[in-house]
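Novice: Numbering (UniProt numbering), first residue to last: 1 to 195.
Simulated from the structure, these hints should not be mistaken for laboratory data. Watch out, some of these pointers could steer you wrong.
Said to hold, decoys possible - Distance windows between CB atoms, simulated:
1. R117 <-> E28: 17 to 27 Å
2. A109 <-> Q23: 26 to 36 Å
3. G162 <-> R187: 32 to 42 Å
4. P133 <-> E28: 23 to 33 Å
5. I156 <-> I184: 37 to 47 Å
6. E132 <-> I47: 49 to 59 Å
Unchecked claim - Below are the DSS-like pairs computed for lysine-lysine, each with C-alpha atoms no more than 25 Å apart in a straight line:
7. K75 <-> K56
8. K87 <-> K110
9. K24 <-> K56
10. K110 <-> K75
11. K110 <-> K66
12. K24 <-> K75
A quick note: this is a predicted structure, and the numbers were derived from the prediction, not measured. All C-beta atoms in this analysis are idealised placements derived from N, C-alpha and C, irrespective of residue type, glycine included.
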Amino acid sequence: MLQVTVLISLLLVHYTTQSPDIQKGCREDARLTCSEIEDHGSGMDFIAVIWYKVEKDNWGILRQRKGEPVDKAQKYGFHREAMMGDKYSLVLPSVTPNDSGIYECEVNAKVGGQNKRSRVQLTVHECVSPTEPTPRVNTLNVTQSTPPCSVIDMPIAWSLAGYGAVVVIKIILSLLSIWVIHIISSRCQRSTWCS
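Work out the full structure: start from the sequences and follow the hints.
Specialist: Here's what the structure looks like:
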């Protein structure tokens with residue numbers, strides 16, 4: 001039973017220390033919350049909150065003192081626009097895949113206290129521009145000098161007469177071809193020069 005309790009405790013510690021993962025689409029606004037502030041509420045005693053982007057070195061983004069208005073947050077030389085949101089969250093407007101990475105929130109404690117840090121993993125999906133089909137319009141720019149022709153239906157009798165004439169001509173040509181072949185073959189049988 002003791003082993004199960006230790007295992008569950010270790011899993012809980014591992015789970016609580018993992019950085020939350022935030023998934024965003026391209027050009028969406030990302031709001032990264034500082035879990036140290038979220039978990040302990042507004043009663044937490046601290047001096048300031050600093051946001052960093054964790055790469056080879058920590059890139060300072062913003063620093064805001066406790067009780068200071070959001071628009072008074074101190075900006076560092078971060079390469080993109082960022083602002084402080086409610087409850088000391090970091091707001092990155094219109095994110096792109098370049099913004100993906102680990103962000104760290106550092107809560108600076110008062111004298112005698114301990115600084116706290118929490119991390120957030122931001123993943124921004126690839127920017128895909130939707131393809132729009134180009135409408136294709138086929139128009140003829142023709143100026144008509146005469147009024148358009150009207151379609152006149154042919155009577156069925158004429159159509160049948162035309163098809164009948166074609167059938168009769170085919171039969172006559174077939175019979176003529178057979179008669180010519182018969183005459184040539186009968187002459188060849190009488191003379192020896194055809195072979």
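Novice: Would you mind marking each hint as holding or not holding in the structure?
Specialist: Evaluated hints:
no., hint, result
1, R117 <-> E28: 17 to 27 Å, "holds, 26 Å"
2, A109 <-> Q23: 26 to 36 Å, "holds, 31 Å"
3, G162 <-> R187: 32 to 42 Å, "holds, 38 Å"
4, P133 <-> E28: 23 to 33 Å, "holds, 26 Å"
5, I156 <-> I184: 37 to 47 Å, "holds, 42 Å"
6, E132 <-> I47: 49 to 59 Å, "holds, 52 Å"
7, K75 <-> K56, "holds, 20 Å"
8, K87 <-> K110, "holds, 18 Å"
9, K24 <-> K56, "holds, 23 Å"
10, K110 <-> K75, "holds, 21 Å"
11, K110 <-> K66, "holds, 11 Å"
12, K24 <-> K75, "holds, 24 Å"
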